[in-house]
Amino acid sequence: MTHETVFSGFGGQGVLTMGMILGYAAIFEGKEVTWMPSYGPEMRGGTANCITIVSDEMISSPIISKFDTVVALNQPSIDKFEKAVKPGGNILYDTTTTLKPPTRSDIHIYSLPAGDIAVELKNTKVLNMIMLGAFIKITNVVSVESIWKGLQSVLPERYHKLIPLNQEAFMRGYNAVNVDSAVLI
Amino acid sequence: MGEVKLMKGNEALAEAAIRAGVDAYFGYPITPQSEVIEYLSREATKRTGMLVLQAESEVAAINMIYGAAGCGKKAMTTSSSPGISLMQEGLSYIASAELPCLLANINRGGPGLGTIQPAQGDYFQATKGGGHGDYRLLVLAPYNVQEMADFVKLGFELAFKYRNPVMILADGALGQMMEKVELPPQEPRVNVEYPWATTGKPKNGERRVITSLHIQPEKMEEINIRLQQKYQKMKEEEVRYQTKNLEDAEYIFTAFGLVSRIAMKAMDLGRQKGYKIGWIRPITLFPFPEKIFQEVAPRVKGILDIEMNSGQMVEDVKLSVCGKTRVEYYGRMGGVVPTPEEILENFERMFIKGE
Chain A
3 MTHETVFSGF
13 GGQGVLTMGM
23 ILGYAAIFEG
33 KEVTWMPSYG
43 PEMRGGTANC
53 ITIVSDEMIS
63 SPIISKFDTV
73 VALNQPSIDK
83 FEKAVKPGGN
93 ILYDTTTTLK
103 PPTRSDIHIY
113 SLPAGDIAVE
123 LKNTKVLNMI
133 MLGAFIKITN
143 VVSVESIWKG
153 LQSVLPERYH
163 KLIPLNQEAF
173 MRGYNAVNVD
183 SAVLI
Chain B
316 MGEVKLMKGN
326 EALAEAAIRA
336 GVDAYFGYPI
346 TPQSEVIEYL
356 SREATKRTGM
366 LVLQAESEVA
376 AINMIYGAAG
386 CGKKAMTTSS
396 SPGISLMQEG
406 LSYIASAELP
416 CLLANINRGG
426 PGLGTIQPAQ
436 GDYFQATKGG
446 GHGDYRLLVL
456 APYNVQEMAD
466 FVKLGFELAF
476 KYRNPVMILA
486 DGALGQMMEK
496 VELPPQEPRV
506 NVEYPWATTG
516 KPKNGERRVI
526 TSLHIQPEKM
536 EEINIRLQQK
546 YQKMKEEEVR
556 YQTKNLEDAE
566 YIFTAFGLVS
576 RIAMKAMDLG
586 RQKGYKIGWI
596 RPITLFPFPE
606 KIFQEVAPRV
616 KGILDIEMNS
626 GQMVEDVKLS
636 VCGKTRVEYY
646 GRMGGVVPTP
656 EEILENFERM
666 FIKGE
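Heads up: the sequence lines are chains A and B, in that order.
Counting the first sequence from 1 gives a position; this note's numbering is that position plus 2.
Counting the second sequence from 1 gives a position; this note's numbering is that position plus 315.
Any given hint could be a false lead.
The calculated lysine-lysine pairs, modelled on DSS-like cross-linking and capped at a C-alpha distance of 30 Å, are [stated by the list, open to error]:
no., chain 1, residue 1, chain 2, residue 2
1, A, LYS127, B, LYS320
2, A, LYS82, B, LYS550
3, B, LYS588, A, LYS139
4, B, LYS361, A, LYS163
5, B, LYS591, A, LYS68
6, B, LYS320, A, LYS68
7, B, LYS668, A, LYS88
8, B, LYS361, B, LYS443
9, B, LYS545, A, LYS85
10, B, LYS668, B, LYS633
11, A, LYS88, B, LYS443
12, B, LYS588, A, LYS68
13, B, LYS591, A, LYS88
14, B, LYS545, A, LYS151
15, B, LYS580, A, LYS68
16, B, LYS545, B, LYS580
17, B, LYS320, A, LYS151
18, B, LYS443, A, LYS68
Since the hints were derived computationally from the structure, they do not count as laboratory data.
Chain A on its own, in the form it takes in the complex:
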């Protein structure tokens, strides 16, 4: 099985880290991974994204234009990537900051108020973990246990005291995701 995902949001929201945690988690499950960041002339406040491919076999190209799942942390990411979801694929977005939700009828649309949950947790920096929790719930690309291992590998040791907070954020997202609309495959 191969799952092709793009994580997209504002620079600083931790989208690259989402891909890295997923990547490490997949390695722990013996899978192949490629992680490809957007490395164009990006600027602060601009968008950042990373394409993360997880597969049971060798991955050919790390650069692709159609995705099984798009995880959008802001409005510009929905605008840019909604059309890049494969028919029957998924888009996951944060209702807190979205004015124009996705509208396609041939894909699964999932959402959760990730920004509001982050405020409840009194830490907006864990928004990415909330979204990652929702992503794992809908896709099951890797197990939650592997995500915990990935988190340990990606977070520098001096931040390991923050692992419980990140785990809580992840589980809040995992349990909060709603199905806006679904299609039969």
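Starting from the structure of chain A, add chain B where the hints point.
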């Protein structure tokens, strides 16, 4: 299994350099390979005492390599296309003076300043000399992050075996992407006394001179002959390549670096549709794996060469098969990466629908 990490190609290359016991790195930042000097600046000196220096330009960096290599040190640099162009004069001198060194070109789209996206437009520059004069680099083309790491140690072994510059020719995607990589064990930096190294005049020995200037044409020809013998020996002993599905192949897809993976996927898609496609990936671009192409040419209907340039390696493929089968090229340029689907589509257009 060794230590497994998720790393960018640039970081894996840098980490492998530390672990290979490299003595010195001289470089200048340029996208998409700046992570190499960033990583080494952070990690290398404190771990092995390796010298890491940001030169004032690529021209300075390659001449620092010339000096360090002349002392018998393991010296390396990395850059991307425009920076590699600036190094060509120094490379010609190093090749002429027969000194070992390793460099990596994380190829980006050109010509000129071009783009910062992945490309393979520097194939000619890498394999046909690049600078002035009749010289060659030994060129290794990794196709994943693991080989970005593995080719550092291999590169230095070959550089010292032949006393010749070795180039790792990768592209922006291989530099920027993360994959899992199994890291080699740490090797110590060692001081080796080479009979050719200029480390001070030995008390009872001959004066050692490193130069690329020989006014007498007869003397210069002698050196040229020796260089050519060396390149001939590389052709006999250092050819590396990888193949798949050659046994029943009626067609061959060939590509190097990242594109060879995309070509492999295109082959799989083609086989699902019933086309008997095989796959050849040159790992050494110089020396080019001519023999495997000579072997398969008489028994296949055609070879499709796929590159991220306007068709450069295809010339070496054509020279190798010498008219024994049809050779076509498909590619994208300027930083655009082809998809497996478009490769297969163009294969069908050229070979199946018979255009």
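Hints not upheld, ascending by number | 2, 3, 8, 9, 11, 14, 16, 18
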